[in-house]
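Asker: Starting from the structure of chain A, add chains B, C, D and E where the hints point.
What follows is each chain in one-letter form.
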Amino acid sequence: MDAELLYASAGFILFVLGIWSLLLHRLLIRKLIALNIMGSGVFHLLIATAEHHGEPADPVPHALVLTGIVVAVSATALALSFGRALRGDGDD
Amino acid sequence: MTDSLVLALVVPLAGALLVTALPAHAARIGLFSVMLNTLNIALLTLGVWQHDELQLALGDWAPPLGIGFVADGLSAAMLAMTALVSLAISVYAGDYFRDPARARHFWPLWLLLLTSLNGLFLAADLFNLYVNLELLGLSAAALGALGGQRTALEANLRYLLVGLLGSMTYLLGVALIYSGFSTLDFAQLAAQLARGDAAASGLLGATALGLMVMGLALKAALFPLHFWLPPAHGSAPAPVSAALSALVVKAAFYLILRLWLEVFAPLTTQGAANLLGLLGAGAVLWGSWQALRAERLKLLAAYSTVAQLGYLFLFFPILQGLPAGETRSNLFAAVTLMALAHGFAKSGLFLAAGFVQQQAGHDRIAELGTTLQQLPATTLTLALAGTALIGLPPSGSFVAKWLLLGGAMANGQWWWVLVLLAGTLLAVAYVFRLMTRAFGLEPTPRHFFTQARAEGPALLLAAMATGVLGVATAPLWHLLGTSGGLG
Amino acid sequence: MEHAAPQAWLLLALWLWPLLLMALAMRTQWRWLPALGALPALVSAALLPVGTQLSLPWLLLGTELELDSIGRVFVLFSALLWLIAGIFVATLMYREPIGSPSGSNHFAQRRFNALFLLAMSGQFWALVGVDLVSFYVGFAIMGLAAYGLILAYGDPAARRAGRLYLALTVAGEVALFAGLVSLAAHSGTLTPDPSLLAAAGGPSLALILLGLGVKAAIVPLHLWLPVTYTAAPIPATAVLSSAMIKVAVLGWLRWLPLGAVTWPHWALALSIIGLLSAFYALLIGLIQRDPKAVLAYSSISKMGFLLLLTGLMLGQPDLLGAGITAMLFYATHHALTKAGLFLGLGLYEQNTHQRRTQQLLLAGLIFLALALAAAPLTSGAAAKYLSKPLLQAAPWHWLSPLLWLMTLTTILLMARFLWLLRFPASKAGWEGTAAHPTESSAHFELNLLAPFLAWGLLLALIAALPWLFAPASFWPTNSANLLLALALCALVLILSKRGRNPLATLIGRIAPGDILGPLERSAQRLRTQAGRFQPGQRSTRSTESTRSTDPTSASETALELKLRGWPVAGALWLGLGMLLLLLLLAGAR
Amino acid sequence: MRNSLEPKPQRSAALLVVVLLILLAGLLQWVYFTHAATAPGAGLTALAQAELPRSGVTNPVTAVLLNYRALDTLLELSVLLTAMLGIWSLGPATPGYQQAGAVFAGLAAWVVPLLILSGGYLLWIGAKAPGGAFQAGALLAAAGVIQRLGGDPRASLPNESAQRWLAIAGIGIFALVGLATLVAGRGFLDYPLAWAGWLILLIETFATLTIATLLTAAYVGGQPPPSQTTATPGMHRMQAPDRKA
Amino acid sequence: MMETLDSLLPVAILLSSLLPGLAIFMVAEDSHWLRGLLNMTGALVKLVLVGMLVWGVYHDHSYDAELVLAPGLSLVLQADALSVLFVTLSSVLWLVTTVYAIGYLEHSPNRSRFFGFFSLCVTATIGIALAGNLFTFVVFYEILTLATYPLVSHRGTPDATAGARAYLAYTMTGGAVLMIGAVWLQTLIGPVDFTQGGLLAEQPEALHGQFIIIFVLLLAGLGVKAALVPLHGWLPRSMVAPAPVSALLHAVAVVKAGAFGIVRLVYDIYGVEFAHALGLLTLLGVLASVTILYGSIMALSQDGLKKRLAYSTVSQVSYIALGASIFGPVATIGGMVHLVHQGIMKITLFLCAGNYAETLGVHKVSEMDGIGRRMPWTTLAFSVGALGMIGIPPIAGFISKWYLGLGAIKADMPWVLLVLGASTLLNAAYFLPILFRAWFREPPPHWPHEDIPRRRLETHATLLWPPLITAALCLLAGLFAAAPFSPLEWTTLIARREYP
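Line order of the protein sequences matches chains A, B, C, D and E. Heads up: the first sequence begins at 1 in my numbering, then just goes up one per residue. Heads up: the second sequence begins at 1 in my numbering, then just goes up one per residue. Heads up: the third sequence begins at 1 in my numbering, then just goes up one per residue. Heads up: the fourth sequence begins at 1 in my numbering, then just goes up one per residue. Heads up: the fifth sequence begins at 1 in my numbering, then just goes up one per residue.
Same shape as in the complex, but just chain A (with noise of 0.2 Å):
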């Protein structure tokens, strides 16, 4: 099997776990850490178009999962502040 169907297929594996864990999850932490592995996954499918045979790997996914990764981060980071306002809340 070639290493870039392995990538796919392990994305997709990824994502849908990190929609299970995002759905069955009740704490936040939990919640954000399953949306990155979802966020993983598709950066996987990414990596693994990338890769062409023969050829050098594809710029553009590489910049995509670039891009999507500061996303990523920084949906996190406010994700997590509400968590922390939250918690702000009640624990004060």
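Be a bit skeptical, because a hint or two may be false.
Computed spacing ranges between beta-carbons, pair by pair [said to hold, decoys possible]:
1) 5(A) to 24(B): 55 to 63 Å
2) 445(E) to 509(C): 42 to 50 Å
3) 36(B) to 206(E): 55 to 63 Å
4) 206(E) to 478(B): 33 to 41 Å
5) 5(A) to 275(B): 30 to 38 Å
6) 33(A) to 36(B): 39 to 47 Å
7) 6(E) to 478(B): 19 to 27 Å
8) 201(E) to 55(B): 48 to 56 Å
9) 224(B) to 33(A): 22 to 30 Å
10) 415(E) to 414(B): 34 to 42 Å
11) 201(E) to 49(B): 37 to 45 Å
12) 58(E) to 49(B): 38 to 46 Å
13) 5(A) to 55(B): 33 to 41 Å
If the Cβ cut is set under 8 Å, some of the chain A residues that face chain D in the computed set are [as the list claims (entries may be wrong)]:
14) 6
15) 40
16) 55
17) 66
18) 74
Source of the hints: derived by calculation from the structure; they are not laboratory data. Note that beta-carbon positions come from the ideal geometry of N, C-alpha and C, so glycine has one too.
Answerer: Same frame as chain A, but now just chains B, C, D and E:
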């Protein structure tokens, strides 16, 4: 002429940056940029009016390598609506966020939201749309939580997470598309799909479309995925609620429409469209019913948004069955008109509701009589907005509903007629449950406006939905009718 | 439109003038206004040449006014009677203000005057309007305005009478309306000639007869008349019984296809109805206690007789000329005499304290009664004589004995009237006047003298009538009958002097309005029974006087409340809609 | 971290989710493999390589990021800015950590300059090889995180006003360059070939700063304390009761 | 140039009440003078414009204004003889009622709101009258519903709210059904322009079944406003509105909008011959007859004066539908002329009822004893209106009945005469007792709530003159029915154009 396409993005973005850097002058700079944006969008719309379609390859890199911006009639219409609504919201917000501490948070996020909306309506690139979607989701959630109460935080965190789930799903679809077609550009993708090279690529495309629509439907709060919407929109500050209900969900819907009817048109099936329609019908009925039962004004408005989005989805199965021609192009214009009318009406409604809430100190419908009777202008706003929500003339949604009914009948899909009938009557019920309170024995207010800067924009928005859009639809048809590809 | 002669505008003026006076009467108190109303009519009837026409196409649906030979007679005697009655209104009615609380009397007087003039205007309009609409307009105005005349005193009896009158009048007007409309529809014109009338067919004629029948008080549509005549003020009764009632006769003459067709069945039917009406009224009238009621029944019988004549004309179109002459004379005679009797009765009742005046009045009344009874040499005899050709040409051999019987009974009825004048049966009949004591002052002034003068004039006219218009050969008519009747009267008189009056047991058994009493009682019983079955439901009687004034009675029936409920309304709507759809779909195939 | 967003999921619903997800996964696999086996997309490698000389850089990924699809990057930075603004809007930063001990401080003193240095390198190399603004910015932000962990409540960031300027600098320069090319008549972000490399470097430099600032600020997790001088832990302790009140 | 002006005239007529209406909303509550000026200017300008329109239409001038909303969907204003009839009625009565309302609402709250919506209502009515196609008609029909709602609930009492709610429920449902029917029809045959003689007759026979269903739908929608039984429930309950509203809207604008729509439906959409051929006229006729009788029977037992009048309206408005349901020009005239006649008569009655309420606090029939003595002029006007309703000549109502009867016989439908007769009797039975009380009974020592003392006039001049004027109009319309430009002559003109 195509400069305005870029400026649509840059103007609000620059405004956001300046406002971020100079928080002390947030309100002034913010309002100025929104005005500038409106001006620019006017130019853009004029361009589309004249040239049917404006295209731009950013950085002169033609797709598939670069990102294309396309402004056709639909984009222009949505952009124009966004510009006007955002202008009104901005004027209103200047009054609403008088506390500078809150204003400095509002303005940059608000301008970023505007940036993302403009980007969404213009971008013809799947991935760029993803980034815009995320920008939209993040700024919307942050704005929604500006109120700071626990309920607002919870609701908007949920909104954020749901949005992320949606955009991730969307992104998976994008990745699949890229893997199969090596392009992210609408036009190229559409051309490839239309050629229909291989059954497998069709399969892939369809799966991708499914994923993207799945994700977007979540963001568009299509019944029964609307669960996040009422609390989020109901708890946000009034100007934000207005923007969320009128613009943000509309953007997701716009994307679905664009993908379904334009890019992926060869892959769509009647069955799928029927499903969308069915969900839309569910939204109409359930949303209206819940709005009828809502105890708070803003919740009512939020549920009404759910219902109104349902109307928009009702167009899918009907459009699906129609061959190209006058009925179809009319119907397509109608769905646009419906979206616009709802955008104006709902933003007006939320702004008015916000003012009522400020004046009354609460928004429990049962106890609003006193306040409503003291605020003629705001009450009129609520009435005008309500008229558009019900779909009565002279509102744009009336014309749209008329055409929708006509389409359903022309198609032989008469069951949607019943949904429309029920939805309309339910809407009458929930709108007038509110309006009834406006009549009572309170002393007569001396003046029409209590606070013109807060009430004026809302009234103008509502009058736009009920009044202007009800009679001046011809320009919209001109804008859309000549835009190729959607006939 | 061709130019009408200037004097033709008098045709407009004769009914417009009273209307103008009416407007005045609403504002002012001036008592002579009613008397002035009839002057233009009198003048035009006397001076205008027969056949004067005035076309007013812009008025109503196109008005045609004309003074034809028939109308002229009617206008003439009606105007005279309105004038005399007006004098009585001015002098007798309001010497003592009517209406109980002081202060409201002026209002009542103005109201009476105005409605008096309105009714007058209506009648003239109907008389000179020769198109269907004008006739109906005048007829309806007159009929409704007369309601106010009846109610002048506003006592319970008058109210009951008024209610009854109104109900029957409106019903009659509806029937007349329907008949006239269908006449217009079938003939295609508003001024149909007899041949067109004949073509219109039976149903429209039946409706017209029904409508006019109420006004003419043909049994059984007569219920209102005895009640009304006994309850209304004397001048009102006078015009009601003389002038107004005759509009029905004019209606017959105008809107039945007389002379154009031979309709033996209709002739027979109308004749029988007329005879029945006449006999019924005579018999009931004989046992009345109130002289006014006697006169009222006499009117009914006379109208029955006129209907008989009309019926005969329908059967014998060749006798049209003679028939019309007979009817015109008879109508005039009856109008003048009946008015004279009522007015005289009024004077008689008001002058109970002045024996000499009363004796004079009694003499006059006896003369009038004789005239009405068609004693020889009177106008009654002349009328009888003039109608003989028509009666004798009737194809029915049973008619002449009946007519003889009728003549005899009429004389007896008049005898009964005079009897009641001389020996009042009970005080009950006098209530109306007892409530309004007479002026006791002895000094004569114009106000007191005028009615006597007017009455005297009327008497003279009645006396002169036969000599002016009838051939001398009428003289001996009815002498035998009169003698026979007088003998009968003497018999009754003797018997009653001995306390064995054969009629005593019958007298007063039937109240004025005859079957009205039983009708009202059974209606009341029905109502109470209906009420018993619905204990929770307040009775929603349509009679205004008994309606509950309780604010809590929402006065909306259970059905309406149920209809208002959503499920019911929706279900009904849908159900009906579906049903209709099914029916229509089935029908459209 | 607690989250009470949802009630405890029901067992049956959970089971349904699982079943559905398995089906979804299966579907995706099936579609993808069917497709990949028959008609894989050609990708844009060739095109990207062909256009590389016109991009002003030699690293194709950087070319995509800063030139072909520069708009994505511009918006991506905006997303980051949005996140920071959102975080700021949610309230002031938490007091942070106690002053670090000597060991950590020593480590930090050694690591932070290294991070800054390697950040600079990555930025520079980005034009030719993997690397670039995001990587560089991330390294700088790591330095900030270490400072924060070491007890600096502002993670070595300047005062709020400066932070704001830093936060927008990258995006602002990006946009300004775009506007400049626009004014020059070329179209937005259509660099003249001769200047492309330098302009990209300029943008990347400021983007690095901005990314670093934004990431660090996000880590700090709230609006900076209002005081202009360096905040002391004591002040935070004084503030705490205020917040409670 | 003339073309433009011609298309401007209908628009100007619409704007002459729309613009003042919108402006009035903004007027401060205390600026009575400004508000009155706006009101009166609008009403007078409209009257002048309508006069021009009447003149033009009489001389076969055509007025068209079209605003295209979408291909196959446009707002069309056009003036034909029928619309001019309704326009003239509305604008004349608007003027009268405005004068009245200014007096009536003196010192009452929320006047800016009231007059604003009042003007909008008139605008909607004018729009209905001038609508050149079914779509435009539906648009204004719904606007009318909306604009009337605030007027019905104007008083703000729980009663008013409940009445308004009922009103809304009925009319909104009706409107939705109407819309469905209208869209359906448009789907089948394209734009439904009102065409003299109808436009469905040429359609293929396969569609006839659907046409029947559509007719029922449209009739149901229109029937709500026209208060056809059993869709009439809202009308008596909206009588809680202030008198000018009851007068203009529930006697003229709203119910007439429904009736006018039925007339349009029969004559200008289906075409009377085609409707006749489909058997739809019988349906309409039966429905109208039932309504006429039912309304009258209900009116009998109402003690509330306005409620009695409302039920009377239920009954009387169906005369118009009845006229439309009888095939033949004469009945058409009868029905259409009743549009005007019923309007002026009923408005007279309502204005008088308002006078009683405002002057003396008399709201019930049972409180009206002797009111003719206290308020003779008002009662005189009331009497004219009531007698006219019964059909007593020479008041206007008689003319309508005459033509209806004439038409029915010509169409060989003698049973209609029976309905007319029964209705007349019933009308008499519920109106004459009122007149009896008013004129022939003794007044009570105290009136329930004597607000306006008797000075030179029995009440304020602004309250007194309008009913007197409308009462005079009732008389004139009847007396000079055959004169040129009378309602009757005008409807004859219409009928001539409808039956070529």
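Asker: Where does the structure disagree with the numbered hints, that is, which hint numbers, in rising order?
Answerer: 14 and 15
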